[in-house]
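Asks: Based on the hints, put chains A, Z and L in the right spot on chain X.
There are 4 protein chains.
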Amino acid sequence: MSTIAFIGLGNMGGPMALNLVKAGHTVRVFDLNEQAVHELAEQGAIPCHTSCGAVAGAEVAITMLPAGVHVRSLYLGQGEERGLLAKAAADTLLIDCSTIDAASALAVSDAANQAGLAFVDAPVSGGTAGAAAGTLTFICGGSDAGFARAKPILADMGANIFHAGGPGAGQVAKICNNMLLSVLMIGTSEALQLGRDHGLDPAVLSEIMKVSSGGNWTLEKYNPCPDVMANVPASNGYQGGFMVDLMSKDLGLAMETAGQSRSATPMGALATSLYRQHARRGNGKRDFSSIFETFGQDQSE
Amino acid sequence: MSTIAFIGLGNMGGPMALNLVKAGHTVRVFDLNEQAVHELAEQGAIPCHTSCGAVAGAEVAITMLPAGVHVRSLYLGQGEERGLLAKAAADTLLIDCSTIDAASALAVSDAANQAGLAFVDAPVSGGTAGAAAGTLTFICGGSDAGFARAKPILADMGANIFHAGGPGAGQVAKICNNMLLSVLMIGTSEALQLGRDHGLDPAVLSEIMKVSSGGNWTLEKYNPCPDVMANVPASNGYQGGFMVDLMSKDLGLAMETAGQSRSATPMGALATSLYRQHARRGNGKRDFSSIFETFGQDQSE
Amino acid sequence: MSTIAFIGLGNMGGPMALNLVKAGHTVRVFDLNEQAVHELAEQGAIPCHTSCGAVAGAEVAITMLPAGVHVRSLYLGQGEERGLLAKAAADTLLIDCSTIDAASALAVSDAANQAGLAFVDAPVSGGTAGAAAGTLTFICGGSDAGFARAKPILADMGANIFHAGGPGAGQVAKICNNMLLSVLMIGTSEALQLGRDHGLDPAVLSEIMKVSSGGNWTLEKYNPCPDVMANVPASNGYQGGFMVDLMSKDLGLAMETAGQSRSATPMGALATSLYRQHARRGNGKRDFSSIFETFGQDQSE
Amino acid sequence: MSTIAFIGLGNMGGPMALNLVKAGHTVRVFDLNEQAVHELAEQGAIPCHTSCGAVAGAEVAITMLPAGVHVRSLYLGQGEERGLLAKAAADTLLIDCSTIDAASALAVSDAANQAGLAFVDAPVSGGTAGAAAGTLTFICGGSDAGFARAKPILADMGANIFHAGGPGAGQVAKICNNMLLSVLMIGTSEALQLGRDHGLDPAVLSEIMKVSSGGNWTLEKYNPCPDVMANVPASNGYQGGFMVDLMSKDLGLAMETAGQSRSATPMGALATSLYRQHARRGNGKRDFSSIFETFGQDQSE
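Protein chains in written order, with the UniProt record's numbering: chain X, 1 to 301; chain A, 1 to 301; chain Z, 1 to 301; chain L, 1 to 301.
It cannot be assumed that every hint is accurate.
Below, a list of computed lysine-lysine pairs in the DSS-like style, where the Cα atoms sit at most 27 Å apart [said to hold, decoys possible]:
# : chain 1 : residue 1 : chain 2 : residue 2
1 : A       : K249      : X       : K210
2 : Z       : K221      : L       : K249
3 : X       : K249      : L       : K249
4 : L       : K249      : Z       : K151
5 : L       : K210      : L       : K221
6 : X       : K210      : A       : K221
7 : Z       : K210      : L       : K249
8 : Z       : K210      : L       : K221
Bear in mind the hints are in silico, worked out from the structure with no lab data behind them.
Isolated chain X, as found in the complex (with noise of 0.2 Å):
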């Protein structure tokens, strides 16, 4: 068992952070809210009052914020204030699990190891439920080494834990995954109104497809059509699961990648403006499945 600094407490830190209580560990937690900090310290993590004092003693140091600018702010300090790389002790294991642009996440793998310290991102899906069961998917860049040593710690968080590559290669995987989700998405969305359109019953059009080759993990286990699959969003009103403002945040950082390498990436940009289109018209809050609403029946006939 180690002792861990968990830094950010949000809808994903806080049920993460409990899941290494659970198995455990000795968890140091802090977070600007309080009052996320008292809820985890009366389940048996130990409170602190700043990001410091939570490393202070750790072996491994975990975050979970919200942006790429808060996790360059923590680790490389802003202004006159200096970041936990100057404070954190020398063979300290630092997990960042926030989902980020990758220059970020490279910029602070870099500052890091000049600081002698391990560095691994290790983005998670999986959502709150998975945060929760402890059943998310941690995709991670970094050294062998590094990942060797976060593997077990996140395996106590997760079911799948992958090892993407070096540095930065955590973050480009899981955005590389979500921006080819978003088009199975809205593809198969488009294929099953079509069908619709011409009579066919969406539940047996999405029975022939799944096995055929244009079979996917919507089909699979996430149907955005209405009823045709139980416990999907979809048959919920579209409520819970992925929101459209989550999708439409992995997107812009999938743009983002895309633009630093000067990469052609029709369909991912296609899907991009179609779900800032879809969240403009104030659907932001609701499932990104939604999306198969917009291809509608015609309400001009």
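Replies: Frame of chain X; chains A, Z and L shown alone:
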């Protein structure tokens, strides 16, 4: 065992008819190409000089033709010449295995019904390899009774036989599936190249996405990146497989079908244009996964 | 002055026929809608009870019908009923002003030529306002001789008469133009909204782009952003103008035409899907510049 | 006449600075490339060894640099080194003519204002030919007072000087315009090729669309189809003009800007991917109208 007329003995129809012969049926074959008729006759089929001759005395007539215009002409007649519907015996079951536009399939089906004949549209997927091996997939449209009669015959040529719905539904379901396939292929290609542009190993990225929410048939069976998967066209110079020209034809049918219902298919429409651009650059005879190359390494640096 | 048969007296055809009457021609009119025939008769046209009756004794026959299927049926006949081509006098000039698919225009033109009749396809733009004012644009396809005969007649109904090329070229040129127009409208809309999202005044941005390399017809004549330009639909709740349903119809023809030649039209295809999505949300009867709204302000913040 | 510091003497900056010399200003020049400084000095400019040296005693400082990172670094300093803002005299007017991301322009503008200095972002269009001829277009962002001071100086280098709005608005307006330009170019290309695929003469089709609702800058000034228009890159092997790599850079800025505001730009995003694919096939140094070739004749037939 039945007496079956088989009309259209091309790259697909030839081996399909042969599998019916091997299954013990009496198969009466016709094609405008006499050589094709001759070859089937040498393997046990009964050669016929006209489509009418083939259909005479047959309980089932199967057609495998290039496009809707040929199917309409054969069944409905053209100019002064009457078609198969006017000549087939009262309870002949008609099965068209061509991939054609749904409107043509509906028109022939309606005319067949008026003539008191059962008609099933049953487009196939699986390519020439599947035709030879008898492992094709048939996606059928038509009445329950028609499908029930067709299924055991089709089972002698294929491994999966689906009933998508009423008349024309087989054609609609097939083009929905193939439109979605084109989107999966392009979306997967651009995601893999985006990762590669940032230093990831496409094989590692493929493994991760395959078991994540980006999972789809192309990652399972048909990875478009060279040397990630053995025994796929991408690892064989994009030879063999499913030609760009055939995907382009199917996407044309999808766009036509979408036009009839004014369905919005932004991803499918983009795939259509990208495949047409690819075909026009001289790639029509290569496998459709060669679209991966269009996202390739930056040559300007 | 000529004797002219005019068939099809709808929102466009009615005022066009009236302008021929006003120009001094003898105009023999027919429409399935008797009321429309009656109204024209009150203004000086000769009412006819059938299309054949209208054409009898006419030097020129002009048709203005909804779609290719009507044009084919009228000229070529249907079933047992013979069409106009079989009934028109030897040197009647046939002018079809309908906007239809190029294949139908070609088929009718070919049949007319075989019957020894000159046929000109002459689709119009300019809307009902242009029809009433006699300021329509005609884009013609046909022989030089046919065009030379048609031009002075068309000049009595329009301000611009173009000769795009041989048979069918009028239809092709019109849908090329309208496909491009849809791209201009959407491209301009998203550029204006992008500027607005960053605090720019859309009127100022419009002025700059209008005289720069972004200059195009929509910025000159038809700004899609409300209150930038007076007397355009955008400043009148997107009422009037050119309906989304009509743009959607023209884009359908463009996609059909592109399908015949396997032409890649990525921008046009995207516009087609965006307009269909827009129409399906209940905007079919609004002006086509209302597509601007789909890029609107973020409602989630 | 003013004393003007000019920093950045590349293909654009060199001839711009020379025009200021010719107009009678005292021009203090600096570039990291000593040869560029030497050449300007031979034509009457005052050579300086550092950017600070150039700015010393200048009433106006003009910068023309490759990207936002250079502009930030020069004005704001980097690491221990202080930037221009810390060294410029109290009432120096700062004009940045670089084309950079709006966020960098805003950051420098804010810092300048805090330092009590007026800053105008004034990206140019018109290319090296316009720079030499003094016919550039400047699109400016900044306060009314700043713009009023900048305008007469810019008029010595250009023909059109626009005031798009407050700080950063020049950059936003320029990328909005150039994003729209890319859409016009591709939309026009595909419309012309669609017509050509159906036998139309692209010159005739261009003439028709130019005066119809498809009219746009590319048809007026920069037809992408070879031999339609004299003296454009398309009629000269797509040499000269505005390089694909530069359009690709501007589209990258547009996508970045759209990402910041989560603006939907489906046409602009598609253009971005199509230009990146084009660049990756080795066309980066050719004129941007060469995108026309990607819609070209079907080579498979």
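Asks: For the pair supplied as a hint, A/K249 and X/K210, confirm whether the alpha-carbon distance does not exceed 27 Å.
Replies: Cα-Cα ~22 Å, so holds.
Asks: With a cut-off of 27 Å on the C-alpha distance, tell me whether Z/K221 and L/K249 pass.
Replies: Not satisfied, since the Cα-Cα distance of roughly 30 Å exceeds 27 Å.
Asks: Could you grab the alpha-carbon distance between L/K249 and Z/K151 and see if it respects the 27 Å cut-off?
Replies: Measuring from Cα to Cα gives roughly 48 Å; hence the hint is violated.
Asks: Holds or violated: Z/K210 with L/K221, Cα cutoff 27 Å?
Replies: holds, 14 Å
Asks: Do the alpha carbons of Z/K210 and L/K249 lie within 27 Å of each other, as the hint requires?
Replies: holds, 22 Å
Asks: X/K249 and L/K249: Cα distance at most 27 Å?
Replies: Answer holds: X/K249 to L/K249 is near 23 Å, not above 27 Å.
Asks: Quickly compare the C-alpha distance for X/K210 and A/K221 to 27 Å and report which way the hint goes.
Replies: At roughly 14 Å apart (the allowed maximum being 27 Å), A/K221 and X/K210 satisfy the hint.
Asks: Mind checking the alpha carbons of L/K210 and L/K221 for me, to see if they're no more than 27 Å apart?
Replies: Cα-Cα ~10 Å, so holds.
Violated hints, listed in ascending order, are 2, 4; each of the other numbered hints is respected by the structure.
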